[in-house]
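Just so you know, the protein sequences line up as chains A and B, in that order. Heads up: the first sequence at position 189 corresponds to 189 in the working numbering, and the numbers run straight through without jumps. Heads up: the second sequence at position 105 corresponds to 105 in the working numbering, and the numbers run straight through without jumps.
Treat the hints as calculated values from the structure; they're not laboratory data. For every residue, glycine included, the Cβ atom is placed at its ideal position computed from N, Cα and C. Incorrect hints may appear among the rest.
[As the list claims (entries may be wrong)] Covered by chain A, according to a simulated footprint, are these stretches of chain B (three or more residues, beta-carbon under 8 Å):
(1) 26-34
(2) 311-325
(3) 492-499
[Stated by the list, open to error] Distance condition first, Cα-Cα at most 30 Å in a straight line; then the derived DSS-like pairs of lysine-lysine:
(4) A:K164 x B:K443
(5) B:K271 x B:K343
(6) A:K110 x B:K370
(7) A:K88 x A:K186
(8) B:K227 x B:K187
(9) A:K57 x B:K492
(10) A:K164 x B:K329
(11) B:K443 x A:K151
(12) B:K271 x A:K129
(13) B:K492 x B:K531
(14) A:K170 x B:K527
(15) B:K485 x A:K164
(16) B:K343 x A:K89
(17) B:K524 x A:K129
(18) B:K234 x A:K170
(19) B:K531 x B:K45
(20) B:K234 x B:K271
(21) A:K151 x B:K526
(22) A:K177 x A:K164
(23) B:K227 x B:K393
(24) B:K230 x B:K329
(25) B:K3 x A:K129
(26) A:K186 x A:K128
(27) B:K370 x B:K271
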Amino acid sequence: MKTNIILAGVGGQGILTIAAVLDTAAIASNLYLKQSEVHGMSQRGGAVHSHVRISDKEIFSDLIPLGKADMIISVEPMELLRYLPYLKKDGYLVTDSNPFENIADYPELKTVYDEIKSHPNHILIDAKKIAKDLGNSRATNIVLVGAASSKLPLSEDSLLQAIKTLFVRKGERIVNKNIEAFDKGKEIATEFVL
Amino acid sequence: MKKLLLGNEALAQGAIDAGLSGVYAYPGTPSTEITEYIQKSRIAKALNIHSKWSVNEKTAMESALGMSYAGKRAMVVMKHVGLNVAADVFMNMSISGINGGLVVVVADDPSMHSSQNEQDSRFYGKFAMIPTLEPSNQQEAYDITKYAFDLSEETGLPVLLRMVTRLSHSRSGVEISETQKAQNKVKLPTNSTQFSLIPAYARGLYKNLVAIQPELEKNAENSIYNKLIKGTDKSIGIIASGIAYNYLMENYEDETCPYPILKISQYPLPKKQVKYLFDTCEKILVLEEGYPFIEEMISDFLGEKRNVIGRLSLDVNRVGELNPDSIAKALNLPIEITESKPKVVANRPPELCVGCGHRDLFDAINQLKKEEQSQQVFGDIGCYALGALAPYKSINALIEMGASITMAKGAADAGIHPSIAVIGDSTFTHSGMTGLLNAVIEKTPITVIISDNSAIAMTGAQDSSATGRLISICKGIGVEEDHLKIITPLHKNMEENVDLIRNELNYQGVSVIISQRPCVQLPKEKKDKLKAIKSVSLN
Chain A
1 MKTNIILAGV GGQGILTIAA VLDTAAIASN LYLKQSEVHG MSQRGGAVHS
51 HVRISDKEIF SDLIPLGKAD MIISVEPMEL LRYLPYLKKD GYLVTDSNPF
101 ENIADYPELK TVYDEIKSHP NHILIDAKKI AKDLGNSRAT NIVLVGAASS
151 KLPLSEDSLL QAIKTLFVRK GERIVNKNIE AFDKGKEIAT EFVL
Chain B
1 MKKLLLGNEA LAQGAIDAGL SGVYAYPGTP STEITEYIQK SRIAKALNIH
51 SKWSVNEKTA MESALGMSYA GKRAMVVMKH VGLNVAADVF MNMSISGING
101 GLVVVVADDP SMHSSQNEQD SRFYGKFAMI PTLEPSNQQE AYDITKYAFD
151 LSEETGLPVL LRMVTRLSHS RSGVEISETQ KAQNKVKLPT NSTQFSLIPA
201 YARGLYKNLV AIQPELEKNA ENSIYNKLIK GTDKSIGIIA SGIAYNYLME
251 NYEDETCPYP ILKISQYPLP KKQVKYLFDT CEKILVLEEG YPFIEEMISD
301 FLGEKRNVIG RLSLDVNRVG ELNPDSIAKA LNLPIEITES KPKVVANRPP
351 ELCVGCGHRD LFDAINQLKK EEQSQQVFGD IGCYALGALA PYKSINALIE
401 MGASITMAKG AADAGIHPSI AVIGDSTFTH SGMTGLLNAV IEKTPITVII
451 SDNSAIAMTG AQDSSATGRL ISICKGIGVE EDHLKIITPL HKNMEENVDL
501 IRNELNYQGV SVIISQRPCV QLPKEKKDKL KAIKSVSLN
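Here chain A stands alone, though its shape is the one from the complex (with noise of 0.2 Å):
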């Protein structure tokens, strides 16, 4: 079993934290993992990516193939259409709705969330939102683990733990808040039929 998913966003938008959070949970479920980041320019408000591996053999490349993934996980609607060409048939979309317009051309928001709907297995909202009425924005990242959880190949109970390795020097309140935003995110996803 296999499990191929990409991370996308903007350079500075962290999404190397969902990152840090799946790569905790397979380690620690004895699970064969690779992950490439993105360093150096791009991290100056550029498109990034990351390909997240995990597996239960071993995994020779650290970049998935195009048509692959299982699941596009992007804390920006527009990029996560950008590695739509990496999507496995019939696999999932997962999405923060909030646009992150630094560029001029930026499509009209309409057109980026009707790409994105035209997809049956799709789940968009509004993570940010989400995170900052539980009273921690910066747990937008995290309310997007919990709405893809349920079609990862990790336990809820491995993320949560994970989420808690990686919090606990930020002490137990926003080990707590991230804990209830996993939780958010996961109530929300089940409202869109997948």
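Chain A is already provided as a structure; the job is to place chain B on it using the hints.
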């Protein structure tokens, strides 16, 4: 013990565990995290391993050689173009050889994610006639680094360890040792002439280097990192080096590859195994990340006898990095794409951060351009290179570290005025200072703007060697005090800054303007520390 590590981190841990005494480096993507890992390592701190940043790659490599001279194990780390800066010592220390194990780590950047070219460092390894290693995955990055130090001491030569972006910046679980090898004690070279490359000695040493080549080849033939995997279908024999091996295997994850495969992670190229493929297979496909290095070596120049294909023959993409799909294509395997990128997706190139001081500087420069169309701006390497892109488009030329000042000088010599150099603080100390001295000696009419954000910003805001030293360096080089100015690039100072720069553009000699505001990425404590340094340097 299994640990989740980036390829770069695995390599760094391997060096620590191999009894490293010092790492020397200048930051550069994709190599930066190697040195940072050692800087942050509690074990490295406890073992007193040197890990402070060097001023440039040349000073780094020379210091590493000095540590090796003293008998200890040293490592020097850089990105591919950094090896050009250090090429002088690199080529010559292969002649002198080493004393303590010396590993040169160079991270190449095929596809130029954060670079201006995709040069392949394996050519440097061959050029210097030293062993070259090329890990294919994170575990090998760890294991091969340990092996590299032993190989260096066994052969008496520096060893080149080549990484590529995708391995440097990809994580995986890595089995690491619980203990570290003890560091070497100080032990001076037994041969008193080994490190004195005057011609009389160098001739003999070069003969030794030539003489040891068959042994290096033997090492590669017997290396556990070069692996010949038998196959049943002899219509193709595949040579796959470094990370290309992974991309190949990805295409056969659920089955066995029918073709014989020679995996290469150690050079010189092992002749015995290559010959086996030639003798048994009809055609050779070479898969290698970077330039067609192996392919060119084993191809028949006129293309008449041997059937070798790869990037040189254009059967695999000639430029840009490889991936599982490019290799699938070369092997005529199907690629199942069901979706295309929707037309609504716009490009999103990198940009200067909101609030960045470089932005206000480029605004000022652009305002002056409106007044004087002949103005030419020579840029340099750093975040401010983004000033070449829209919306600023302020920079007319941008080649490599330090070229801003010297190109501005040459252009001024040719009659261009105003001729402006824009260089960052760290790039200035890396390789701008000597060029400034050139201009000062000739009183060349150029305006040098040092955009000082007190950090090596593009690679993650590491400490800059220039911090607190720019004024005294410029004065020491001989820049006239009346034409050594400081501005603060803020929107509210725009008019004042434009006036000041205009005045200096009109001066018929060397002006240096230090445009000073800390990088917005720096944490608050660091910014506060910089304020204190700034007031000291002004007094």
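Quick one: which hint numbers does this structure break? Sort them smallest to largest. 3, 4, 5, 6, 8, 9, 10, 11, 12, 15, 18, 21, 23, 25 and 27
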